[in-house]
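J.: Here our numbering is used: the first residue of the first sequence is 1, the next is one more, and so on.
Calculated from the structure, these hints are not laboratory results. A virtual CB, placed ideally from N, CA and C, is assigned to each residue, including glycine. One should not assume that every hint holds.
For each label pair, taking beta carbons as the anchor points, the in silico distance ranges come out as [unchecked claim]: (1) E344 - A28: 50 to 60 Å; (2) I149 - T374: 47 to 57 Å; (3) S290 - D79: 20 to 30 Å; (4) E245 - I149: 42 to 52 Å; (5) L258 - G345: 23 to 33 Å; (6) S461 - D257: 34 to 44 Å; (7) E174 - R299: 16 to 26 Å; (8) S461 - G34: 20 to 30 Å; (9) G133 - D50: 49 to 59 Å; (10) D54 - K485: 17 to 27 Å; (11) E196 - K408: 47 to 57 Å; (12) R299 - G133: 36 to 46 Å.
Derived lysine to aspartate or glutamate pairs resembling EDC-like cross-links, with alpha carbons at most 20 Å apart [claimed, not checked]: (13) K405 - D472; (14) K399 - E411; (15) K474 - D412; (16) K181 - D325; (17) K4 - E436; (18) K260 - D54.
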Amino acid sequence: MADKDELESVCKRRGFVWPSSEIYGGEAGFYDYGHLGARIRDNWEHIWKDFFLDMDNYHMIYTPNILPYRVLKASGHVDQFSDVLVRCKKCGNSHRGDHVLEDITGESAEWMDKDEMASCMAEKGIRCPDCGGELDQPMDFNMMFGVDIGPTGERKGFLRPETAQGTYMNFHREFIALRRKLPMGLATIGSAFRNEISPRQGVYRLREFRQAELQIFFNPQSDDFDEHYESVKDRILPVLRANSEGIREMTMEEMDDLPKFYRYHMVRMYQFFADVMEIPRDKLRLRELSPEERAFYNRIHFDVEVDMESLGGWKELAGLHYRGDYDLTQHQKASGQKMSVSVEGGERIVPHVLELSFGEDRNIWALMDVGYRTGERDWISIPYPMAPYQAAVFPLVRKDGLLEKSRKVYEDLKRDMNAFWDKSGSIGKRYARQDEIGTPFCITVDYDTMEDDTVTLREISSTEQIRVPLSDLKQELRGYVKREKRFGTA
RNA sequence: GCAGGCGUGAUCUAGUCUGGUUAGGAUUAAGGCCUUCCAAGCCUUCUGCCCGGGUUCGAAUCCCGGCGCCUGCACCA
1 MADKDELESV CKRRGFVWPS SEIYGGEAGF YDYGHLGARI RDNWEHIWKD FFLDMDNYHM
61 IYTPNILPYR VLKASGHVDQ FSDVLVRCKK CGNSHRGDHV LEDITGESAE WMDKDEMASC
121 MAEKGIRCPD CGGELDQPMD FNMMFGVDIG PTGERKGFLR PETAQGTYMN FHREFIALRR
181 KLPMGLATIG SAFRNEISPR QGVYRLREFR QAELQIFFNP QSDDFDEHYE SVKDRILPVL
241 RANSEGIREM TMEEMDDLPK FYRYHMVRMY QFFADVMEIP RDKLRLRELS PEERAFYNRI
301 HFDVEVDMES LGGWKELAGL HYRGDYDLTQ HQKASGQKMS VSVEGGERIV PHVLELSFGE
361 DRNIWALMDV GYRTGERDWI SIPYPMAPYQ AAVFPLVRKD GLLEKSRKVY EDLKRDMNAF
421 WDKSGSIGKR YARQDEIGTP FCITVDYDTM EDDTVTLREI SSTEQIRVPL SDLKQELRGY
481 VKREKRFGTA
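Could you put together the complete structure from these sequences and hints?
T.: Now the structure itself:
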């Protein structure tokens, strides 16, 4: 729960995240990660990989940010990712051409290009829906950033609007390299680019953003995921179905209209948000998109949504998309390369794709929003492994050798984890500083340390302190950070 | 992109209407003194009027242009 202004202020002041190119006034839709934000981002990526690649035959790959024109032509982005806009000469408002036409004619106009739309509009004498003014010539607007490849600029390309295309193009090569086994998971993490007309809401809608995506290639006729499904079928998730109102707590068995492989991965995604990101259950839901809302190639589409005060409500953080064989078939047709593989029984199929897609920046913002607490103590509850630092070390006072001793403790600790050392201000001040950036554990070297080599260990959430021998410190911390061990228990 | 609001040290903000001492405060930060566990105190110190032009003896303040942010509309495969 966090007020947007307050959270943005902390983010800037302490070094998490802020508008890019700030010294020149900034540019909407671009954000920088500071030293703390960068650490969270690295941690988030590592943990995401550990969680989702924990299956046989799931792997990371990396592919370029720039894609040639023909890739995105084949994927449908060149055509589908663009809109025809018409601008009113009188009031200056812009509208989507197809929407203006559809409102008048009642027929879909999405298929038209700008010339067809122009003649159709002229024919029907269509004017501005806002003020009745004369409309200017329709113009193309494509959400993709175009780039020229090579010295002559003759080769056209785009900055990728999603990371997935690089993965689809590598399906067949990896299928061979990984010895022809399905299911096969290929994940990637990287930047994607969309030239949004009006990016708003900070890091939520960016022109350059990071995606973490896992594409699972599988045989839809197989029972590959049935066993996994069995292990989660009694899980109860907060679900908002497209045809119903309100969130319902539903078991997987109740949603028997969905295939088992899909339901299994719904649980996986939910577990990531609930258990790893530690989003409270009442702020988390799986929302099904109706056929009108979802892209035509998605057969089933649920979004994971989180209720964020700073962004005014439920916001999409990830999506689970059953894309069928659309992507591989499109690339097969356009490239002429075979994407089909033979499966048990000698049959040849084009594998189907289940896509798990995460907006990384939004995920990180959600951590901050959900975790931010104010009151008698300002602190941020970030899952311990994702926090910028796992531990901070202080001398209780700066004399009698405590300073030097604390420095030694720190030097030793930082070899094992992200640690921080601070001597400035009072001990309370130093706790407060770490509270504000979500450091879960503070270690204080005091006079007893000089006698018996024990330190106090303080946990952020409770502010409780326990005494730990230096010889056990690293091991204790590891257990607490991973939550394998409850703080304060022997 | 349209309409309205806004832009002052790192952060939050007073001052702008009605031009005029050294641009004020709070928080934060750094150094020091002090300090035996949760933003203590004292001393010292750093950083500012979004950018560009104009009016004027003089501009944070008025005018023009630009950039950005916020809210609403539109947009968000």
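J.: Honestly, which of those hints from before does the structure not fit?
T.: none
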